[in-house]
Amino acid sequence: MIVYSKNFQRYINEVFFITPNDLGNDFLNKWFKRITFFLKKSPFLLITPLTMIFVLLFYFIFGKYIILLTNFLQYGF
Amino acid sequence: MVFKKKYLIDFFAALILVFKRSFFLVFYPYKTMRKIAFEKDFWQIFLIFFFIFMYFKFVYFLRNNLYSPFFIFFIFLFNFFMMIFFFYFLTRFLGKKSQFSPFIFTFSYSLLPTFLWFISTSFLYILLPPPRTFSFLGQFFSIFFITYSLSLLFWKIILFYLALRFSTQLGFYQIIYITTLFILWFIPYSVLLYYLKIFRIPFI
Chain A
6 MIVYSKNFQR YINEVFFITP NDLGNDFLNK WFKRITFFLK KSPFLLITPL TMIFVLLFYF
66 IFGKYIILLT NFLQYGF
Chain B
3 MVFKKKYLID FFAALILVFK RSFFLVFYPY KTMRKIAFEK DFWQIFLIFF FIFMYFKFVY
63 FLRNNLYSPF FIFFIFLFNF FMMIFFFYFL TRFLGKKSQF SPFIFTFSYS LLPTFLWFIS
123 TSFLYILLPP PRTFSFLGQF FSIFFITYSL SLLFWKIILF YLALRFSTQL GFYQIIYITT
183 LFILWFIPYS VLLYYLKIFR IPFI
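Chains A and B are the protein sequences, given in the same order.
When we follow this note's numbering, the leftmost residue of the first sequence carries the number 6, and every step to the right adds one.
When we follow this note's numbering, the leftmost residue of the second sequence carries the number 3, and every step to the right adds one.
Same shape as in the complex, but just chain A (with noise of 0.2 Å):
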């Protein structure tokens, strides 16, 4: 029993160890906890769909320079 309350007792510590986000109006932060809601629990599943998207955009609308994109990306490391 002492063990489970000095675990929660730390889950609590741990969880409250930071106050939570002011943007500074309810609109704001309404939102703000909206979007973060997706990205803190397997972010890729919004981000990822997202990016396709983008690329995709990217291509139709600049074309080719895509590749030039991948040439400077695949001699980056």
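No lab work stands behind these hints: they were computed from the structure.
Take these hints with a grain of salt, some might be off.
With a cut-off of at most 27 Å between alpha-carbon atoms, the simulated DSSO-like pairs for lysine-lysine come out as follows [unchecked claim]:
#1 K46/A to K158/B
#2 K46/A to K22/B
#3 K38/A to K158/B
#4 K33/B to K45/A
#5 K42/B to K45/A
#6 K37/B to K11/A
Which chain B residues stay away from chain A? Per the calculated CB distances, all over 12 Å, these [claimed, not checked]:
#7 L19
#8 K22
#9 D43
#10 F44
#11 I47
#12 L68
#13 F72
#14 F80
#15 F82
#16 F83
#17 F88
#18 R134
#19 T181
#20 W187
#21 L194
This one's a predicted model, so the numbers in the text were calculated from it and none came from an experiment.
No residue lacks a Cβ here, since even glycine has one placed at the ideal position from N, Cα and C.
Following the hints, position chain B against chain A.
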């Protein structure tokens, strides 16, 4: 003998923890980074830096670099600690009594996307050496590669933000402010590293 055994156990425990936390940073970045901020086991830092050093060693044989892997590693450590000290002193300047160890742990773990990108790009350099062509396959690979790189970049931004959030304990606006100050000196510095042919893309 007991002394050596203790070190061996600590080492393997740290190795397991590094893999476990790296895995969980993919699925639960917020929770995992919060746990990392409370970490005290410096073996983990040693292991992360050891993997990075091994990467520099591997790349040295892959490409004809001007500089030895030891020198590149030294420059990497210099960049890393310069960045940490910059954020640490700025946080103190803003009136927060932050400790130094969360900075080291959170920023070391935030190197994971960088490490993954650099190592995968190196392997792709062997498997599909550049330059890419304007053929269908070249364009298809480019779309895939840019998507992959951007996804890792966004993950890096998330981990970087969380590292700052849990080590500095500052609010969102203050984090944006100190990151902007960091970018102001880091971009010219990265350009200098590029012209000196030390890092084409900064390992940070």
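Going through the hints against the structure:
1. Proposed proximity of K46/A and K158/B is supported: the alpha carbons are some 15 Å apart, at most 27 Å.
2. The straight-line distance between the Cα atoms of K46/A and K22/B is roughly 16 Å, inside the 27 Å bound, and the hint therefore holds.
3. Among the hinted pairs, K38/A with K158/B is consistent with the structure: their alpha-carbon atoms are about 20 Å apart, no more than 27 Å.
4. Our distance criterion of 27 Å between C-alpha atoms is met by K33/B and K45/A, whose separation comes to about 8 Å.
5. Distance hint between K42/B and K45/A is fulfilled; the C-alpha atoms sit about 24 Å from each other, no more than 27 Å.
6. Proximity of K37/B to K11/A is assessed by CA-CA distance (about 16 Å); at most 27 Å being required, the pair is judged to hold.
7. Residue placement check: L19/B keeps its beta carbon more than 12 Å from all beta carbons of chain A (closest about 16 Å).
8. Remark: the non-interface label on K22/B is consistent with the geometry, its nearest Cβ contact in chain A lying 17 Å away (cut-off 12 Å).
9. Consistency note on D43/B: stated as away from chain A, and its beta-carbon is indeed over 12 Å from all of that chain's, at 16 Å minimum.
10. A cut-off of 12 Å between C-beta atoms confirms that F44/B is not in contact with chain A; the least separation is 20 Å.
11. Distance check on I47/B: its Cβ is at least 20 Å (rounded) from any Cβ of chain A, clearing the 12 Å threshold; non-interface status holds.
12. Under the 12 Å C-beta cut-off, the non-interface status given to L68/B relative to chain A holds; the minimum distance is some 15 Å.
13. Remark: the non-interface label on F72/B is consistent with the geometry, its nearest Cβ contact in chain A lying 18 Å away (cut-off 12 Å).
14. F80/B, annotated as away from the interface, keeps every beta carbon of chain A farther than 12 Å; the closest lies near 19 Å.
15. Consistency note on F82/B: stated as away from chain A, and its beta-carbon is indeed over 12 Å from all of that chain's, at 17 Å minimum.
16. Interface exclusion of F83/B from chain A stands, the closest Cβ pair being 22 Å apart, more than 12 Å.
17. For F88/B, the non-interface assignment is confirmed: its Cβ lies about 21 Å from the closest Cβ of chain A, beyond the 12 Å cut-off.
18. The non-interface label for R134/B is inconsistent with chain A: the shortest C-beta to C-beta separation is roughly 5 Å, within 12 Å.
19. Listed as a non-interface residue, T181/B keeps its Cβ farther than 12 Å from every Cβ of chain A; the least gap is roughly 15 Å.
20. Every Cβ of chain A is farther than 12 Å from the Cβ of W187/B; the closest lies at roughly 21 Å, confirming the non-interface assignment.
21. Distance check for L194/B against chain A: the nearest CB is about 16 Å away, which clears 12 Å, and the non-interface claim stands.
Going down the numbered hints, you'll see the structure goes against just number 18.
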